[in-house]
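Novice: Take a look at the letters that make up each chain.
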Amino acid sequence: MSAAAPTSAVATSAVPERVLTVRDLRAYYRTKYFGISREVRAVDGVSLHVDRNEIYGLAGESSCGKTTLIKTIVRAIRPPLDVVGGSVTFHFAGRDRDIHALSERELEGIRWRHLSYILQGSMNVLNPVRRVRQSFVDFAHRHIGKPMPEFLHQVESHLSRVRLEPATLDAYPHELSGGMRQRVTIALATVCRPDFIVADEPTTALDVVVQKDVLGMLREVQQEIRSSMILVTHDIGVHANVTDRLGIMYAGRLVEEGRTVDVIRDPRHPYTSHLVTSLPRIGDVTQKRGLDGAPPNLAAPPTGCRFHPRCPLAMAACRVEHPPMVDVAPGHRVACWVTAPPDKPVALQ
Amino acid sequence: MSAAVSPLLDVDRVGMTYAVGGLLRRRGVTAVDDVSLRLESGSPEILAIIGESGSGKTTLARMILNLAKPTAGTIRFRGADVIAIRSIRQRMDFMRQVQPIFQNPFEAFNPLKALDHYLFISARRFAGARGRDDFEARADKALHQVGLSLAEVKGRYPHELSGGQLQRIAIARALVSSPSLIVADEPVSMVDASLRMSIVNLFKALRDELGVSIVYITHDLATAYYISNRVLIMQRGKAVESGDARAVLDNPQHPYSILLKSAVLSPDDAGRPMSRAGSARPPSAHSISNAE
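Protein chains in written order, with our numbering: chain A, 1 to 349; chain B, 1001 to 1292.
Simulated from the structure, these hints should not be mistaken for laboratory data. Quick reminder that beta carbons are idealized off the backbone N, C-alpha and C, glycines included. Warning: the hint list may mix true and false statements.
Residues on chain B that point at chain A, a partial pick, calculated with CB under 10 Å [as the list claims (entries may be wrong)]:
hint, residue
1, Thr-1017
2, Gly-1128
3, Leu-1210
4, Gly-1211
5, Ala-1224
6, Asp-1250
7, Gln-1253
8, His-1254
9, Leu-1265
10, Asp-1268
11, Gly-1271
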């Protein structure tokens, strides 16, 4: 296959190359019915970056804003969702592009070629009345720009990467098992060798055995084509096995971020430590506790640190002001007044 | 009925074959094949049924709940044949004692009905409650058993509550009739991570404090290890391994159980590179062996 991005394909140097920078992103759902306006702050001031050849994990429970965040990152936004502030900049093929400033036409040039997407629930992605081959043509043919026989040959050789036979191309989605369909969507998302892949709960609907299998292939393909990835899932076990860095979201904000090993072995934010310690493990019979209270309503989030109503360590300061992200170790940032007090404030991004 | 002697639930070599296809190309799909299990009365316990999707877990649950009729074998509840239930009275009596909890609390409740409605209906039909005060007293009692109160729930609709709270209400609804057996089909898979353990702990409390036996259907080996007394591992409709939960999951014997255990992704694996894909895979017809 010809090189996808001539300048970036050779970047193996020690200095990591940024592929995505998100700065202070705010995305709200705004509705106005019968004169009552409502604003749901689903993503409220998130900053993060992803380097080349890196898998960035995003964890958090449902309605914490992780899906809204990635929708905003790939600019799949529709009213009532609206980007209120901040920027999302991709660095593809040596050029910086603010995805929200691009024209539709420029966006079309980026989609699938540089930026692709693996959705939750693969059965919803593949057209049930079209054969897999036609789905590949629909999704990828125009982006690859090769004559059809050559394109199909490339698809076949790409399918073998996820261990699917060429005969799969002639099947309809309902003829394939859940694991095979998810492998087809992985192949679809990676056939153009994109620089960046966004995977939203790619294995949540799959069984444990198939899940491990699919995650292994996803990682293999990602390493081979050297793309970067954001992997969203609420399953800490998946993050531990697949991601390089991990960000924990709570109520629309990033509360902790660091290398996956550091975040899981040495969690600093009380929410992260709860997530990690409350997981039952085989061989562990100690009593585990759920967290009291319910996830906050993002239309009227708690003041100060959004976790304080459920936090075992909450102090008076937590109710007043949201804690800034503070470096606690190289590359490990935490937003908490108690465990990471900003004695020597470090301005981050 | 001789409740003291006969087991609470005795599932004896049940099988379920669904017929698929039209008139000319009819064939049978065996969802459950020759599965036996038994819950003793007097010693409440949690029995976990573990398996991947398509292994027949839910079909087995539906048969225990008398929602599907097995094509082979018998199911006895307190000595009485469940399949032979004919009259409405028998059926109501069975439903009073055996209650279900479903996977997705958002789908289990009608979004247009207030949640207390479900509790009142259950109180009227299964607990013989009469009059508004009696309904409310019973609903409140059941809600207290799951850590809620009627004041919090009354007049509220499903969209106003979180998944964890809804699942608690589903459990409270099941408790209204003081059942002796609860069949819970994947009860925590749709509940948020921070609330999941409180639901799981609730099942433990139901067993230890209220003496309710629970059939806990799951694909999550870790929670099964955490709460259950015994496990039954199913593969393609067959029970492949069963026994004491901790003994089986600490040291599985059947190749499928070993495979299941090896596929559990633990947070303790952080920092260790994932084993190559395919190492944990069963030989499969549609995989090509060109791994590397």
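Novice: Compare the structure with the hints numbered earlier in the document and write down the numbers of the violated ones, lowest to highest.
Specialist: 1, 2, 3, 4, 7, 8
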